[in-house]
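Asks: So the chains spell out like this:
2 protein chains.
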Amino acid sequence: VASESFKRINSVFYPSSIAMVGASPNLYKWGSFLLANLIKGGFKGPIYPVNPREKTIFSRPCYPSLAETPGPVELAIVVVPVAHVKKVITECIAKQVKAILLITSGFSEAGKAGHELELEIAAMVREAGIRLVGPNTMGIINTHADITVTGSHTRPLRGAISLVSQSGNLGGQVLGWAENMGIGINKFVGTGNEGDVNVTDMIEYFREDETTKIILAYFEGVEDGQRFLEVARKTSMEKPIIALKGGRTSAGSRAAMSHTGSLAGSYPITLGALAQAGVIVAKNPTELIDFSIAFQHLPLPQGNRVGVITLGGGWGVVASDECNERGLVLPELPEEILTKLDKLLPSFWSRGNPIDLVGQINPAVFRNSLEAVTSSEAFDAVLDLGNLGTSHFMYRVVSTVRDIDPSFDPSIVQIAINEAAKLEAGHLRDVGDFIAKYNKPILTVSHSEKLQYAIPFGDNVVVAYPTPEKAIRALQAMLWYRNWKAGRTKPA
Amino acid sequence: VASESFKRINSVFYPSSIAMVGASPNLYKWGSFLLANLIKGGFKGPIYPVNPREKTIFSRPCYPSLAETPGPVELAIVVVPVAHVKKVITECIAKQVKAILLITSGFSEAGKAGHELELEIAAMVREAGIRLVGPNTMGIINTHADITVTGSHTRPLRGAISLVSQSGNLGGQVLGWAENMGIGINKFVGTGNEGDVNVTDMIEYFREDETTKIILAYFEGVEDGQRFLEVARKTSMEKPIIALKGGRTSAGSRAAMSHTGSLAGSYPITLGALAQAGVIVAKNPTELIDFSIAFQHLPLPQGNRVGVITLGGGWGVVASDECNERGLVLPELPEEILTKLDKLLPSFWSRGNPIDLVGQINPAVFRNSLEAVTSSEAFDAVLDLGNLGTSHFMYRVVSTVRDIDPSFDPSIVQIAINEAAKLEAGHLRDVGDFIAKYNKPILTVSHSEKLQYAIPFGDNVVVAYPTPEKAIRALQAMLWYRNWKAGRTKPA
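Protein chains in written order, with the working numbering: chain A, 1 to 492; chain B, 1 to 492.
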């Protein structure tokens with residue numbers, strides 16, 4: 001049963017109708033590019049642009065006031081200048097909207113008068129039973145309701161990762177990466193000045209939100225640290241929270257005070273307190289996204305023993321160093337695997353972990369090595385380096401040959417292209433199959449710049465990183481979370 | 001005056017003519033894709049494919065033997081199976097080639113017999129005064145002579161960065177990144193088993209090579225550590241060496257032994273010894289490329305005081321944390337800058353470092369802030385976060401508006417596109433101008449996934465990173481090198 005708090009915030013993300021007060025045809029105004037973004041996103045309910053000076057915007061009818069919109073409004077998006085906000089909030093209350101997204105800036109972040117106005121508005125909406133996101137926010141996304149209203153204009157795929165960020169520009173960066181890497185996002189909210197809804201409310205909401213499987217959070221300070229840690233602890237038992245804390249150093253904390261000044265007196269959440277609450281701590285924005293993809297698509301490792309299969313020796317060495325430095329171990333290969341691989345690999349093969357395939361692009365060798373390691377009780381996780389993406393190389397060769405010799409037999413070229421595609425598909429299928437069959441994480445690393453991080457294949461999604469170190473950091477984070485959970489669930 | 005050693009290795013990179021012994025029309029063979037790659041690269045001298053079973057390859061004449069090629073051969077690229085290599089080396093000596101690139105594998109890495117054959121071949125070429133790269137190498141690139149012969153088939157732009165790698169797959173990864181990021185490469189060599197030419201020889205060669213300004217090196221072990229460190233120290237005084245050492249942990253070193261087995265007994269070069277020799281130590285392959293671009297295009301910082309200008313607050317906080325953790329400081333803004341910026345920024349601006357432009361996309365504000373900080377004696381380096389790449393956002397908006405409203409006034413759309421392009425160009429010009437005018441590094445960080453790392457603009461190149469942490473790590477590396485050099489050049 002959903003809590004009352006959940007139901008009320010739900011009106012932000014699943015409204016039956018949306019009005020945009022302050023809609024504009026001027027491409028340089030938030031009321032214009034937010035509206036365009038919202039329409040383009042494909043929201044199924046009615047969208048009512050409101051602006052007394054326009055009859056139509058983007059060839060759609062525009063309404064002179066919120067009161068004159070031809071139906072009920074569940075979510076009001078407000079982008080009018082700060083001087084008009086209070087009046088519009090009154091209109092929102094009269095219209096009986098359920099939620100407000102207040103984009104407008106010029107409140108707490110702009111000084112004392114702004115701060116007082118923010119408090120006043122917060123009191124008004126609280127009394128009316130309306131939840132308000134903002135002010136001074138970058139916007140929201142809910143891919144599950146086709147809602148995309150952000151300043152950054154990113155439009156990621158639908159997925160299970162939800163993000164709350166106190167910083168709009170950091171949120172925009174993470175969303176942009178997600179879009180480019182094919183990483184599915186569920187919901188995004190920039191909490192801005194947190195006049196009403198704050199980062200803790202959002203983590204609580206995401207915990208109850210069934211389609212959210214992974215929670216990402218960027219925050220610099222929180223008003224009520226005790227409640228934050230309680231909510232985080234309860235949530236971490238159900239789904240992972242991956243968080244980046246801004247202001248962890250003295251310089252960063254000075255910058256954070258100036259950035260989100262209203263939180264200057266807020267509870268100092270330390271990295272240690274976060275870890276105790278089961279929060280997976282990222283060191284920078286990139287790690288937020290790098291970790292999320294592993295958590296979204298892979299089972300957790302049950303221990304720290306890693307088997308490495310590599311197409312080339314250098315990556316095997318680099319991966320060994322990184323594993324060693326991150327608390328992951330590379331056990332020697334058990335006898336049964338040595339025996340299996342002796343039959344598959346050249347006589348001079350390394351007979352060690354990492355298993356170096358010495359450049360052999362042979363689907364059978366790859367599949368058998370991968371299954372031998374993944375199925376073995378000697379390993380908790382598998383790194384697969386450089387095998388995925390080899391088809392990319394063949395496309396390059398074919399393109400070169402066509403350039404230098406237009407008379408080259410086209411049927412041979414076609415066979416090469418077909419074989420490359422088959423190789424890649426086979427590899428994706430094998431990785432996905434073995435993850436499912438043995439319930440063990442396989443993290444792949446690819447040379448190809450064309451590959452996404454998350455590659456859908458049949459019913460599976462294969463996770464492909466551009467470097468061994470990214471894969472290994474993600475694996476370390478998963479193992480940390482698995483151990484935290486295990487410690488929590490063991491009898492005391 | 002070039003050394004004798006330099007002149008001899010020079011035949012590898014600047015041959016007047018090239019033969020490929022073992023050329024093949026079969027797209028799956030090295031003799032095929034290497035030849036195609038070489039032809040496509042545009043090498044100006046004659047290229048002689050050699051294969052007794054083919055009359056033509058890629059519609060070009062093929063010769064039955066090295067002896068029968070119709071002119072002198074300076075560089076012989078050898079890709080025949082290991083069993084034929086010794087015979088071909090004899091033919092190379094008879095043909096009086098100056099250098100050999102021996103791609104073929106199956107030598108030291110394949111066991112005792114291979115190791116002995118490798119020693120035998122090395123002795124043969126040494127006696128004949130021929131320099132040999134390989135065996136078991138990924139190939140070479142010299143963009144300054146239009147030579148591209150690598151298994152990885154990457155084709156980076158021409159530049160000043162030269163790379164030596166004991167691992168072909170790691171070299172290929174770095175070259176692929178360089179190509180994708182618009183980073184100019186000068187020369188690449190995979191030293192493979194180092195039967196003759198080794199990583200130390202290559203660093204020595206790159207030191208003398210005038211067009212090489214930055215040296216990148218990946219290595220796991222070296223035969224003669226004393227000589228390596230002497231060469232590195234001498235080279236570091238003239239140009240930076242950025243190195244990644246594989247096998248720095250026990251697991252990594254075990255993997256390295258198995259990867260480049262012949263070096264098992266080699267001198268253990270520690271990170272401390274590298275640092276004493278002025279070598280900038282990268283922690284992973286990504287840092288090799290991230291650092292190289294800053295060293296290639298920016299003046300060294302003269303101290304650790306950083307001024308940060310950011311379009312959004314979150315990045316300012318993250319950057320402050322990262323600077324703090326990496327020994328860089330963010331001094332308060334001097335009075336003169338406060339006075340200047342009070343006139344430009346909204347009354348509620350942060351009045352601190354980072355300078356938060358609170359999303360104002362105003363070229364004059366940006367230019368004046370950037371010049372104020374760059375010209376100030378209070379700062380040694382500048383981070384410019386999020387200003388570059390804002391045009392990308394406008395292109396997205398325009399594309400959305402065209403989608404949702406095909407009747408939207410096209411002249412307004414065109415103006416928006418023009419303004420965005422002008423904004424971006426102006427920003428690039430400002431950054432380039434101020435770096436040159438004040439001889440101080442400005443590292444930019446951009447939201448746009450379309451941006452390259454190295455953006456040519458007029459006579460300048462602007463360095464743009466995708467994240468603050470990458471820019472800050474590169475700045476830390478530059479400062480480290482500057483301090484090492486200063487310590488060396490100060491009177492004792």
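Hints may be right or wrong, so weigh each one.
Heads up, the list lumps identical chains together, so a pair's fine if it works in one copy or across two of them.
Below, computed lysine to aspartate or glutamate pairings styled on EDC-like, alpha-carbon distance capped at 16 angstroms [said to hold, decoys possible]: (1) 239 - 210; (2) 55 - 403; (3) 239 - 68; (4) 485 - 210; (5) 437 - 377; (6) 485 - 146; (7) 7 - 120; (8) 55 - 179; (9) 55 - 91; (10) 29 - 419.
It should be emphasised that the hints constitute simulated quantities derived from the structure, not laboratory data.
Asks: Look at each hint and say if it fits the structure.
Replies: Cross-check of the supplied hints:
1. Taking the shortest alpha-carbon separations for residue 239 and residue 210, only the intra-copy value of 10 angstroms comes in at or below 16 angstroms, while the best inter-copy value is 57 angstroms.
2. For the identical chains of this complex, residue 55 and residue 403 are neighbours neither inside a copy (56 angstroms) nor across copies (20 angstroms), given an alpha-carbon limit of 16 angstroms.
3. Taking CA atoms no more than 16 angstroms apart as the test, residue 239 paired with residue 68 passes in neither setting, with 43 angstroms inside one copy and 71 angstroms between copies.
4. Taking CA atoms no more than 16 angstroms apart as the test, residue 485 paired with residue 210 passes in neither setting, with 20 angstroms inside one copy and 58 angstroms between copies.
5. Proximity of residue 437 to residue 377 under the C-alpha cut-off of 16 angstroms is restricted to the intra-copy arrangement: shortest distance 14 angstroms within a copy versus 63 angstroms between copies.
6. Neither within a single protomer nor between protomers do residue 485 and residue 146 lie at most 16 angstroms apart by alpha-carbon distance, with minima of 34 angstroms and 57 angstroms respectively.
7. When the C-alpha separation of residue 7 and residue 120 is checked against a cutoff of 16 angstroms, the pair qualifies neither within a copy, at 24 angstroms, nor between copies, at 79 angstroms.
8. For a Cα distance limit of 16 angstroms, the shortest separation of residue 55 from residue 179 qualifies neither inside one copy, at 34 angstroms, nor across copies, at 51 angstroms.
9. When the C-alpha separation of residue 55 and residue 91 is checked against a cutoff of 16 angstroms, the pair qualifies neither within a copy, at 20 angstroms, nor between copies, at 85 angstroms.
10. Within a single copy, residue 29 and residue 419 get their C-alpha atoms only as close as 51 angstroms, which misses the 16 angstroms cut-off; across copies the closest is 15 angstroms, which meets it.
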